[in-house]
Amino acid sequence: DAGVTQSPTHLIKTRGQQVTLRCSPKSGHDTVSWYQQALGQGPQFIFQYYEEEERQRGNFPDRFSGHQFPNYSSELNVNALLLGDSALYLCASSLTGFGETQYFGPGTRLLVL
Amino acid sequence: AQSVTQLDSQVPVFEEAPVELRCNYSSSVSVYLFWYVQYPNQGLQLLLKYLSGSTLVESINGFEAEFNKSQTSFHLRKPSVHISDTAEYFCAVTSNYGGSQGNLIFGKGTKLSVKP
Numbered sequence: 001d002a003g004v005t006q007s008p009t010h011l012i013k014t015r016g017q018q019v020t021l022r023c024s025p026k027s028g029h030d031t032v033s034w035y036q037q038a039l040g041q042g043p044q045f046i047f048q049y050y051e052e053e054e055r056q057r058g059n060f061p062d063r064f065s066g067h068q069f070p071n072y073s074s075e076l077n078v079n080a081l082l083l084g085d086s087a088l089y090l091c092a093s094s095l096t097g098f099g100e101t102q103y104f105g106p107g108t109r110l111l112v113l
Numbered sequence: 001a002q003s004v005t006q007l008d009s010q011v012p013v014f015e016e017a018p019v020e021l022r023c024n025y026s027s028s029v030s031v032y033l034f035w036y037v038q039y040p041n042q043g044l045q046l047l048l049k050y051l052s053g054s055t056l057v058e059s060i061n062g063f064e065a066e067f068n069k070s071q072t073s074f075h076l077r078k079p080s081v082h083i084s085d086t087a088e089y090f091c092a093v094t095s096n097y098g099g100s101q102g103n104l105i106f107g108k109g110t111k112l113s114v115k116p
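So the protein lines, in turn, are chains A and P.
For the first sequence, counting from 1, position 21 maps to 21 in our numbering; every step adds exactly one.
For the second sequence, counting from 1, position 25 maps to 25 in our numbering; every step adds exactly one.
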């Protein structure tokens, strides 16, 4: 059983560009959450998707947007990239019930120059 | 608002020695607590979690953590560490979001370095 997968593994962009990161959840999971982990910091919650809708959102600007597809996979889009967006972006999937474990993917490392 | 404080950013320890990684949280509602481990260049893996019931929870690889409501702590312990335990450890909290999975709030992490 494949776990959570993310693509690409690494990405280099320049300021002002746009980026799309992708996530495939663990088989059977219907909820996808995205986190940003800056160097030397713990992950910070960006948003969570369930039934193709954004259910919760953290303290991130509107430049960060997402989507969930009918097969539960998800995308994270970041517009007008800033140097400060350089980070490891983690996707986590879970079942929707409370207390369910969030399983994390290996992440996409984004470098903005 | 909820927050998590991991009191030590780095913990060096010799192999087979005991270790404690400290975690304190603040919250105005009932919280549920987690420890995740991150090996170099990998994502996070759940080590153990506390939702309810016994305040002492254990992982399959010898770690344990105790939920202490009065001290708002969830410290992680292992009586004898191995070289392979070298990793970064994150404490996290969440709350019940209308019966569904709430978002995780993480501490800044503690780097455990086990030396031979």
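Certain hints may be false.
Residues on chain P that point at chain A, a partial pick, calculated with CB under 8 Å [as the list claims (entries may be wrong)]:
| id | residue |
| --- | --- |
| 1 | Arg22 |
| 2 | Val29 |
| 3 | Tyr32 |
| 4 | Pro40 |
| 5 | Gln42 |
| 6 | Gly43 |
| 7 | Leu44 |
| 8 | Leu48 |
| 9 | Phe90 |
| 10 | Leu104 |
| 11 | Phe106 |
| 12 | Gly109 |
| 13 | Val114 |
| 14 | Lys115 |
Stretch by stretch, here's where chain P covers chain A in the computed footprint (C-beta under 8 Å, at least three residues) [as the list claims (entries may be wrong)]:
| id | region |
| --- | --- |
| 15 | 14-21 |
| 16 | 59-71 |
Since the hints were derived computationally from the structure, they do not count as laboratory data.
Idealized CB from N, CA, C, for every residue including glycine.
Hints and how they fare:
1. Arg22: Where the cut-off is 8 Å and the nearest Cβ of chain A is about 15 Å from P:Arg22, the hint is violated.
2. Val29: Cβ of P:Val29 sits 13 Å from chain A, so the hint is violated.
3. Tyr32: 7 Å, holds
4. Pro40: Status violated, d = 11 Å.
5. Gln42: Holds, about 6 Å.
6. Gly43: 4 Å, holds
7. Leu44: OK, holds: P:Leu44 within 8 Å of chain A, min 4 Å.
8. Leu48: Nearest chain A Cβ about 10 Å off; hint violated.
9. Phe90: 5 Å, holds
10. Leu104: 6 Å, holds
11. Phe106: Check passed: Cβ of P:Phe106 comes within 3 Å of chain A, closer than 8 Å.
12. Gly109: 5 Å, holds
13. Val114: 20 Å, violated
14. Lys115: 21 Å, violated
15. 14-21: violated (count 0)
16. 59-71: That given contact is violated, which follows from only 0 residues of the region 59-71 of chain A lying within Cβ reach (below 8 Å) of chain P.
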